[in-house]
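Given next are the chains, with one letter for each unit.
Protein chains: 2
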Amino acid sequence: MVLVDIGNTNFHVLENGKMYDLKKIKPFNDEVFYISVNDEKEKELLKYNPHAKNLKDFVKFDTSYTGLGIDRVMACKAIYDGVVVDAGSAITLDIMQNGVHLGGVIFPGISALKEAYAKISPKLDVNFGEIDFKKLPQNTTEAVTYGGLGSIIEMIKSLKKDKTLYLTGGDGKFLGRYLDGVYIKDLVFRGMLETIKQDLRS
Amino acid sequence: MVLVDIGNTNFHVLENGKMYDLKKIKPFNDEVFYISVNDEKEKELLKYNPHAKNLKDFVKFDTSYTGLGIDRVMACKAIYDGVVVDAGSAITLDIMQNGVHLGGVIFPGISALKEAYAKISPKLDVNFGEIDFKKLPQNTTEAVTYGGLGSIIEMIKSLKKDKTLYLTGGDGKFLGRYLDGVYIKDLVFRGMLETIKQDLRS
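For the protein sequence lines, the chains are L and H, in the order given. Using my numbering, you'd call the opening residue of the first sequence number 1129 and step up by one each time. Using my numbering, you'd call the opening residue of the second sequence number 1129 and step up by one each time.
Please keep in mind that the hints were generated in silico from the structure rather than gathered at the bench. If you're wondering where the values come from, they're calculated on a predicted model, not measured in any experiment. Check each hint, because a few of them may be wrong.
One copy or any two copies: either way a pair holds, since identical chains are not told apart in the list.
Derived DSS-like pairs (lysine-lysine); straight-line CA-CA distance at most 27 Å [claimed, not checked]:
#1 1171 - 1289
#2 1251 - 1152
#3 1247 - 1313
#4 1184 - 1247
#5 1251 - 1169
#6 1154 - 1288
#7 1184 - 1251
#8 1181 - 1169
#9 1151 - 1263
#10 1247 - 1171
#11 1325 - 1313
#12 1188 - 1251
#13 1171 - 1263
#14 1181 - 1146
#15 1285 - 1242
#16 1288 - 1262
#17 1262 - 1242
#18 1263 - 1188
#19 1247 - 1151
#20 1146 - 1289
#21 1251 - 1151
#22 1171 - 1251
#23 1313 - 1251
#24 1251 - 1181
#25 1247 - 1169
#26 1247 - 1301
#27 1152 - 1247
#28 1251 - 1288
#29 1288 - 1188
#30 1289 - 1263
In isolation and in its complexed conformation, chain L is listed as follows (with noise of 0.2 Å):
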């Protein structure tokens, strides 16, 4: 069994149990479950692929979210309790509980934000350092750390609550360094699996 996630830059795979990502698709010798945000990339991996399953005929999924991404859905398959934060280029965070999806935020993405900045000024195109939430910024980079970063770190906080956090995406680990998460590299992988197990085969 392998399983594909296509993003829109690359096709992420999960494969005898390892991740990687390929940027053209090809030909696998095995039953292939996939999940797809873009419609050119998802044509592709059928042509090589004819026999592919689109999870998203099958899964169920309990939310009155509209138009909910179908990798932030997988993403919550694979949790029952807690909250979802997907760092990638937009930082997506969704809450569940009991298996039912409450809702969810988006933020703009680390990489996004600090371009926002650049473009505003060059002054103010700064690197992300630490936050110290006890003390008010001092110079253009705490200011900068505080106004973007943190405002991004306090909400995910303040809706957090004592949920556990699960933390996945590209900047999943740079957020876990000023959050109190799991980071989970493959969650998107694990709700795929969770979703062929209980809503295909059962």
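Fit chain H to the supplied structure of chain L, relying on the hints for placement.
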């Protein structure tokens, strides 16, 4: 007396109690006081008004913050105690206590934030709507408003505490819809007048 606040795109002028913007500067038949964040535009002003006085050379301001923009200094000079939020291309927040500047924070401006989302994905190119912090977002517009604008609003509230909030700048009125504050359009000019009264002519 004419006051000129030189920004990155315009000359903001206060003349005979009237505020107006100029793309190109002109000679004034009066005493001119100015501040500037743009060296090129400052040269233009001085070409037509060689006796104009830069208030940066006279202002007394008590702070430990390094690199505080002169426009932020002036807005703070206009108040003795409280929180100043100047919402322009960036949103700056500064805290004053008994005439002393305690520190400040820099958020991306409203347009910069909106552009950052749009650049991540066309799906995230939404207009900020209302925010109900008691209800979790249930669609993309709510999720982006809550995550982007909401994080900034919450951080401003948490820094404001029980102080008076003074809003200024192009998006000051817009932010005022979400915050308990007083909007003062000419806050920077008020600080410039205060500087002339207190620091230049005392």
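If you test the structure against every hint from before, which numbers come out violated? 1, 6, 9, 13 and 20
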